[in-house]
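Single-letter residue listing:
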Amino acid sequence: MNKFCALMLCAGAISSCALGQGIILRGGGQIQVQGNGVLIFNSPTIVNELPDVSVPLSNTSDSVLFTNGDFLYGKLISIGSQREIRWQHPDSAAPIDFKSTNITQIDLSSTRRSLEETNNCKVDFVNSDSLKGNLISCDKDSVVLDTVYAGQLRLSRAMLESLVIVPPSQPALFEGPSAIEGWAQGKSIAVPVGDSGQFTFRNGAFYATKAASIARDLHLPDTAQIEFDLVWKSTLHMAIALYTDSLQPVSLASKETAPDFGGFYSFQVNSSYLDMMPIKKKDPLKSLGAIAVPALMQRNRAHFDLRASKRDHKLALLINGVLVKEWTDPDGFAGQGTAMRFVHQGQGSIKLSNIRIRPWDGQLEQPTPAPTHRPTDSVRLADGTRLNGQIESINNGKLSIATGNSTPQLPISQLRQIDFASQTLSSAQTNSQPVKVLLTPGYTISGQLETWSSDAMTLTSPSFGKAKIDPKAVARLQFTHD
Amino acid sequence: MSRARRNFSGAWTLVLGLLFCVSASAKQTAAPPPVSGDLLQFLDGSALHGQVTAMNTNTGVRVENPNVVQPIAFKPNHVDFIRFSKAEALPTSNESGNCHFRFFNGDEVFGVLNSLNDQQLELTAWFGSVLKIPRQAVQSITFLSRGYRVVYEGPTELEGWSVSGVPGGASNWWYRDGSLFGAAGTLGRKFDLTNSCTVEFDLSSKATYQNLMLSLYTDSIDRLDFGNDGYIFTFSADNAQLRRAQRGVSPVDMGSAVLAHPDNKDRVHITIHANKEDASITLMADNKVAKRWKDSSGFAAKGTGLLFENIGGGQPVRISNLRISSWQGRFEPDTNPLTQTNADSVLFANRDRAQGKITAFDAGKVSLTAGTNNLQVPMERVRQITFAPTPNTQQQRGPWEVRAYFLRGGMISFRLASWDKDQVSGESSIFGPLSFQTQTVREMEFNLDKRRGDALTAVPDEFGGGDNE
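Sequence lines, in order, name chains Y and V. Going by this note's numbering, 239 is the number at position 239 of the first sequence; the sequence numbering is gapless. Going by this note's numbering, 428 is the number at position 428 of the second sequence; the sequence numbering is gapless.
So that you can see chain Y by itself, here it is in the shape it has in the complex (with noise of 0.2 Å):
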């Protein structure tokens, strides 16, 4: 009973666990909740795997970490062609010349990262591998991509899964916290279980280790792209209110009894469980939709990247840059106000930092359908028209697709997304490499490390070949072994 009322009813703005509801477990996996709503989840989507999106923390020095856990500070100095690491260290008069057969990871220091961006594409690979750059050409086995790290790189098209033209970032409407005023910090937080604190601040973060609740009116657009960083310390269990005309926490328990307060949605999130509620006055409690994420127990952080649009009554949830869930209200867009509201519901710790409130397209990235539903290359345009066929090239401007009667050239401005064909690959391109690269800001790219110096790093990759790339834009190297 205890569990479920964790993942289903904490969640809400306030606690309502204490209120006793009956909970009953049907079959086809429905949970109602008997109160003074209904609560019915119906076949929860499951998010088994995220991507590691953690960047290193911004240390002023390299850090080398060993696969016993043992980890040191300093600089690294080079890794020459046998993978031996020099490493110089601040107590050691001498550099550290350390084998890498038991190094797992080195994380470099931000104060060595120092590249601007302008990229506009984003490329996947078929072996989970990313790159962000500007899209130069494609033919029928390349696609070239001009990179501020590594200049131009041909890619080769067999390792290629898709292609997303990524917008120019609007201005962000607010970016924060800098400081906890102008934020509201809730009066009184009724929790079943343990005291009520506040949220503190410091260095650019939200702290809370009691139940606690922060609200600001964000002045949140109508079509609004909502981002958040979240790292907790034993159970997440937050309830953040979006849309809402509220900056005191509502309690789902009592609302009809609280001051009255204009709708909003709930956007619950726990451990494992996330859900999205409409909540208004007088309506009973319903979900938009559950979802299952267990790949959240697995981690003690996440992004979060929610997308509003009160014109198509939308929500989306994206962590990590996964799309995880799109919620469709056959009510109506609820939201009736443009503050939100973070309350932490009092179990573990959290940390609240890089919220960032930023108007949108109202376009979502499409997820890649799995390699045996791409026989072919798909394009998605603007206006949401798909292609399938042949990319022949990608030349001056225009992308000629071959579609079996027709071979239109389509203006570059118009595409948004290429799922590219799967193709068969050969064993030397479906090996695990021995490198993992995480470039900044959240890239990764594998590969033979060949050598590595303080002005370049040489790699060969199976998705390029060899290219030398700049440091400067490596903020890890992830070092696998047999």
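Everything labelled a hint here was simulated from the structure, so no lab data went into it. By construction, the Cβ of each residue, glycine as well, lies at the ideal position given by its N, Cα and C atoms. The reader is advised that the hints may include incorrect statements.
Said to hold, decoys possible - Which residues of chain V face chain Y? A few of them, derived with a C-beta cut under 7 Å, are: (1) 33; (2) 35; (3) 44; (4) 46; (5) 47; (6) 48; (7) 49; (8) 51; (9) 68; (10) 69; (11) 75; (12) 77; (13) 78; (14) 104; (15) 289.
Starting from the structure of chain Y, add chain V where the hints point.
Using the frame of chain Y, we list chain V on its own:
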């Protein structure tokens, strides 16, 4: 013990975090990659295992590590501590230490009080030496229970413990850097506990619920057996239940105690006093009494061992700073941290305390002047003497001022001159020149005046080190 507890951070956070991540995705948590050798812990939270081969002021701390081509010589400026993989306690007799001496410089020694006057304390330390110490350096003298002796302090390795996992499964308890980790199954050991005993340990878990059972005075060290005559605790997140186990009858529930667990703290220091003469069990959490159970049927214990079982469904628990002591008599040993007073004070056996000026020790009595009263207190009525601090004239200590922690024998600070595999030598401000066998040191702390809290900000833990202290 308190210093070692403070070091639960950095690499530990990483390890426990790793374990938690693994446990979340698998029912049975596998042990992390094993580590071997001494642990060199830096103030910035970083850590390296290896073999410390030499230390001196010329060459620094010399470490051999299988992952480096040449041995590394570290300057000690940012070393937090070194925990040695092998340490051996010197043999002690039952008469070797009925007093716990604490000194204002942080040193602690167990031994026998020989004499004490205004100028000097003379004691026979547990390792046999007679030490003469300026009285102003003495912070307190705690008179321990009769026959008090530390029978176990550690852990230092898994060897000696009996581990039983899930049938057919891998070992579910493992040792790493001064801690025992358990994901499931039992961990037991015989300790020859024939008298009263005190069991102290730190219990940590990243899990919301840390379900750990502890069987006291058991003869069954490879499985939890309710048919043994003894006592069994079950610890959960904020609660501890005690059951009396007895051969041939069902276990008797003796009731529960609430464990204070503020601010989502994921570690609690547990102290259990099993008092044979009084037929009572006292449970303390973070040095505060949670409950005292009186067994109206008499002291049930007949076994001599100890057994832990993690019943937390694969969520690992960590047991560290485990100390087991044996003693006799009606009064439990006072193992709590010292309560410093501004005046000299005497704590009596009945827990009353008198403050004033200690003027003499003579004929088995301590003289305490409080205002116009002059108390003559027989020593057998005294549990602890605490001296008022003298003005602090201590100089800033450099990185080679170290504190050695002895297995079952307290801690002594001194300026390290040299360390090799056989002998450590240096000079103490209160004990003078000293040297001792290297193998008796389990841990050596450096940079005694540097605040560890500052270093924790560099530890890769979003919440400042993970301890919530």
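Hint-by-hint comparison with the structure:
no., hint, result
1, 33, "5 Å, holds"
2, 35, "5 Å, holds"
3, 44, "6 Å, holds"
4, 46, "5 Å, holds"
5, 47, "5 Å, holds"
6, 48, "5 Å, holds"
7, 49, "6 Å, holds"
8, 51, "13 Å, violated"
9, 68, "6 Å, holds"
10, 69, "4 Å, holds"
11, 75, "4 Å, holds"
12, 77, "6 Å, holds"
13, 78, "5 Å, holds"
14, 104, "30 Å, violated"
15, 289, "23 Å, violated"
Comparing the model with each earlier hint shows violations of hints 8, 14, 15; every other hint is respected.
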